[in-house]
Amino acid sequence: MTKIPVHLDINGRHHELQIEPRVTLLDALRERLGLTGTKKGCDHGQCGACTVHIDGERVLACLTLAAQAEGRAITTIEGLAREGELHPVQAAFLERDAFQCGYCTPGQIMSAVACIREGHAGSDEEIREYMAGNLCRCGAYPHIVAAVRQAAQEFAS
Amino acid sequence: MTVHNIRVGESKRGDASDGTLAEAVGGRLSRVDGPAKITGAAKYAVEQQLEGLAYAVLVESTIASGKVRAIDTASAEASPGVLRVLTPDTIISLRTASDWLGTTPPDKPYCPLARDITFSGQHVAAVVAETFEQAVAAAALVNVSYDETPSIVDLSDGKAGDGIAIDAMTKEWGDAPAAFAAAPVRICAAYNTPREYQAPMEPHGLIARWEGDRLTVWEPSQWLDGMARTYAEWFEVPFENVRLVSPYIGGGFGSKALALSHGAVAASAAKMIGRPVKLVMTRPQTFTGYGGRAATRQTVTIGADRDGVIQSIVHRGVNETSIDGMWVEPLGSVTSIMYATPNFSSKQNVVRVNSVVPGAMRAPGENPSAFGIESAIDELAYEVGIDPLEIRLRNYAEQDPHAKKAWSTRQLREAFAAGAERFGWSRRSPKPRSMRDGNQLIGWGVAAGTYPVRRAYGEAVVRILADGSVEVESSSIDMGQGTYTILAQTAAETLGVPADDVVVKLGDSRFARAGVSGGSRLAGVMTGAVHKAATSALDQLVGLAISDPRSPFHALQANTLVVANGRIGSPRGDGPDVSIAELLKSVGRDRIEATGDTMPANSTAEDRYKNYTTIAMALPHTEGDYSRYSWCAHFIEVRVDEDFGTVRVSRVVSALDSGRLYNPKLAESQWKGGIIMGIGQALLEEGIMDRRHGRIVNNNLADYLVPTNADIPDIEVISVGIPDPHSSALGGKGVGELGIVGVAPAIANAVFHATGKRVRDLPITLEKLI
Amino acid sequence: MRDFSYLRATSTDAARQAAALPGAMLLAGGTTLIDLAKCGVAEPDTLVDITHLKGLDRIAVDERGATIGALARMGHVADHADIKSRFPAISEALWQAASAQIRNMATIGGNLMQRTRCPYFRDPANFAACNKRVSGSGCSAIGGVTRGHAVLGTSEACIAMYPGDLATALVAFDATVHLGERKLLVDDFFLLPGTTPDREHAIEPGEMITAIAIPGSAAARRSTYLKIRDRQSYEFAAASAAVGIEFEADGRTIRDLRVALGGVATKPWRVRAVEDALKGKVLEPETVRAASLLAVEGAVDHGANHYKIELAPRVVARAILKLGETA
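Protein chains in written order, with the numbering used here: chain H, 914 to 1070; chain P, 10 to 779; chain V, 3 to 329.
Same shape as in the complex, but just chain H (with noise of 0.2 angstroms):
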């Protein structure tokens, strides 16, 4: 099938690929841009690894064509920490050791980010269910709770 244009804006950055419009989103930021901080871990959205934002939004990039992402904002892992600052999320997912392997880490922490830009962050029982879509065998859950909490808390102070 012939490829076909693709403009993607990506982090604030404009991305013009030539692709064919079965590439996900996913396959798109790993295997054409180089940003893999976006894990592919079950491509068929059943673990969360793949969590973007699309204008302002989480949502699965292993269940988008990149197609689809044309004309909106992406943001991916590597897009949150501004100038070099981390963002409170991820600052707080370091000093509350929020992950061990660190593959889910990039999903997890672009889950947070939503959770708590969504109100789905308002008690540890509600942060464990909005953070159920992202997996994390290492096991790091309580943690991550601990974590989404005292971000959510800094923006509210």
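Don't read these hints as lab results, they were simulated from the structure.
Bear in mind the structure is a predicted one, so any value in this text is a computation, not a measurement.
The C-beta atom is built at its ideal place from N, Cα and C for all residues, glycine as well.
All clues given are correct.
Now the in silico label distances, taken between C-beta atoms and shown as ranges:
| # | chain 1 | residue 1 | chain 2 | residue 2 | range |
| --- | --- | --- | --- | --- | --- |
| 1 | V | V302 | P | E392 | 33 to 43 angstroms |
| 2 | P | D770 | V | V302 | 18 to 28 angstroms |
| 3 | V | A204 | P | K440 | 53 to 63 angstroms |
| 4 | H | N924 | P | G633 | 49 to 59 angstroms |
| 5 | V | R257 | P | E392 | 51 to 61 angstroms |
Simulated pairs of lysine to aspartate or glutamate, EDC-like, Cα-Cα distance not exceeding 16 angstroms:
| # | chain 1 | residue 1 | chain 2 | residue 2 |
| --- | --- | --- | --- | --- |
| 6 | H | K916 | V | D5 |
| 7 | V | K324 | P | D650 |
| 8 | P | K777 | V | D232 |
| 9 | P | K356 | P | E181 |
| 10 | H | K916 | P | E139 |
| 11 | P | K777 | P | D650 |
| 12 | V | K86 | V | D64 |
| 13 | P | K52 | H | E991 |
| 14 | V | K324 | P | D652 |
| 15 | P | K777 | V | E312 |
| 16 | P | K76 | P | D333 |
| 17 | H | K916 | V | D47 |
| 18 | P | K76 | P | D156 |
| 19 | V | K185 | V | E209 |
| 20 | P | K180 | P | D409 |
| 21 | P | K594 | P | D476 |
Knowing the structure of chain H, use the given hints to seat chains P and V on it.
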């Protein structure tokens, strides 16, 4: 391989809540590789950006037993972008490699693509194409036909039989059957665990690149040198020609220690097309491309007196293995050491089924073993009417009952006490179904866990550079245990420099060699090696400062000097005070380098090769006068909905003895991670077979359920360990596997307490309780 | 994934026309379609992307009811203040579905088109027989692993369970689906498998879901969605119930009751027998439990899914009693 150069605010670097300086060994320094992981800068193995990369996708067998009759590749080959279709007939021939013990292999070819099918999901072909999408699409066009034969699905298959007796697993003392027959209280029950899967979040995969007869493999690996050896033997090139690179590993849990057939396929493909090839398993392929934990069956019979004192344990175990491979899951490992008993018998068989050969998964052996004995002793407690904690203390093993040796350290009594106190065990109402909250039946359960201290020799290079900074190099790895961090702490403390000035480089087989990162041995082995290397580097540094005529300390005629916070001075504080960089400059050196090597002094090059590329030289945990184990006690509360049978863990307090902790912050994370995987094992995880097809049907993360954040309560872990000088150079014991051992029986015991139903088949799903 | 061409629709009419062509399919959130394309189940020649269409994502709620545009996303509807207050069961069904990320992608229209999770349906490479995929090819599930399969509404051709949550709540409250001008009850939109399990929805080529409408009612206002599953979150239901209740002035006698089951049937499963048995009765635990058994009238198990027959009535009873507690 890795330089972590993102600066982090002071408060994020760690805390010193226990009074220890965060940067010292034993301090709570935050992960030094953390900034790279939280910013997306950490490049995992298959994320390397290479020119000319091609993509390979595997084609798997759809039958469990039989032969490949024909493979029609015409459509796939005609598919856009396809570079090559590999089949058993077209892939290059490899040689059979030795196993992980280094056993000389049979001199015969090895083909990673199968003609003879022994399990569903076996690799039969592969497609290489210009893009990932093209390879996936073309792989679906490969048409394989088979001559199918009947398969043995699993242990419950009528054709499975009793299997092969593994005599090496037999452990016996006293006369266990007679003592059992004579005992006034007798219990006997069967405990089963299903196939379970490591399911690391990063799927297995690799990039292979050939340059002449030199092979570079970027692959997530728990054992670079072991895998390099296998690749070298497969492709008949010198070991030195193979470079493994594995800077970060997205979880392994035992599954990433060995080179596997998909690696052979990718490296063959790269050689055949003369380009680097990337092959990553799909998530479903990870359920059949390598082995998870073998399904197990155990019967545990205990004879006791009316006070619950054990007189006899008779244990029989069975685990599944594959048709042509051998995996023994040591089911008597905990049974034989947890409790004192004058009479004991444990035997084990292994049964061949049409499955991929099972493999190591977090605490292989100890994990299912503990499910049997720690459930059985709970049953005994109810049988004789004694509190489940009390019966464990009554049967406390004061020495290793099997090896008949003193424990190096065993803080299990302390673990029971600390856990019970914190959990509030004394407030437990003993009767089943006696605690509830509305529709929720509440149950409290306890179980113990243990894991042997696996020891080995290690090696590391420590370099003091001209600017005073320090480099540590090792081909060992960090898959989340915190290796980068604890080795930085070890070097910093030993050398007297800030941890910030230490760069730890891991995950490249060009660095100082390292054995397998498995069996919870890495921290003990590597802190010992780094400590030795750093001590040697420090000796050189101080030696230069004292003896070099150009040194500002030369005139001092001191016997020794002190290095602290990156500066050198005399112990009394008189005389010069210069930075390491200044000293090196003054003596005209641009670096000091030392190799720390804990091998015996008379070791040959062959010994070293064997030590790092096989497990044959691992030191027995019962060597010498002591028996060495880590220990833990889990106290768990469950809530079982009386109508729905759903079980939720609502509280966990675990007290653990891993000896001295090199970094409590990171050790606590690993313990909790083990406990959480144990919760999954107890309540959710099970590979479900279609018996007609001999195939696992829930081969994905939506159907093979691992815990989500919502399944996990707050978990409290308490360290009760003390430094154990017999277990490691710096006094630590194992951390990574310990936490999972005993969790499943603690939950099963809690479920019994809540409901009065004893579930002996994992996982404890709702239909077993409604 | 087989290759396909991509077409971004610029208007609803254009989308309908493009999607009417053979081999063309509408693409909204993609959480089912891209997933199934990767499984080799969906093999479109053309995907018509409707996510860039404007104006189809409106949520309008008043006393008469709610109208939700087809492209409104699940997460937004779940969090909508008026949906939460007037249709709690709808909000609860939505937030307990999938994950936050998937709910931000998946649209309401696309959710109605969600396909079964039957592992045999999803794996054509290993299981050739599936009447849902290829009419007349047989059913691999019958005689296989059936723990997640339906016990209600099954046929000899198919026992695949309908996995959605939202539609279960929709059928309880007599919601309609708008296919442009044509409107039909959600209950009628979903088809029983019968001998044609490949046809799941009463939608014709060239039609497109544009909205759903839910009539307001006292029962909808006092409603809940109870979802029981092995895992606490991010899993399909073992059994679920959407229940709404309206009491007489005495606060005890049931005037109106709505009950629908999820996780146990081949389509969203309204259980009028339970409703009829309890209307006019005083809400008492024993009465409710006895009547809830009617929820699984006619159920047929296939071994491993037998527990659903035990479980479903208990879920219904608990949901009804929970609503009674707040009277």
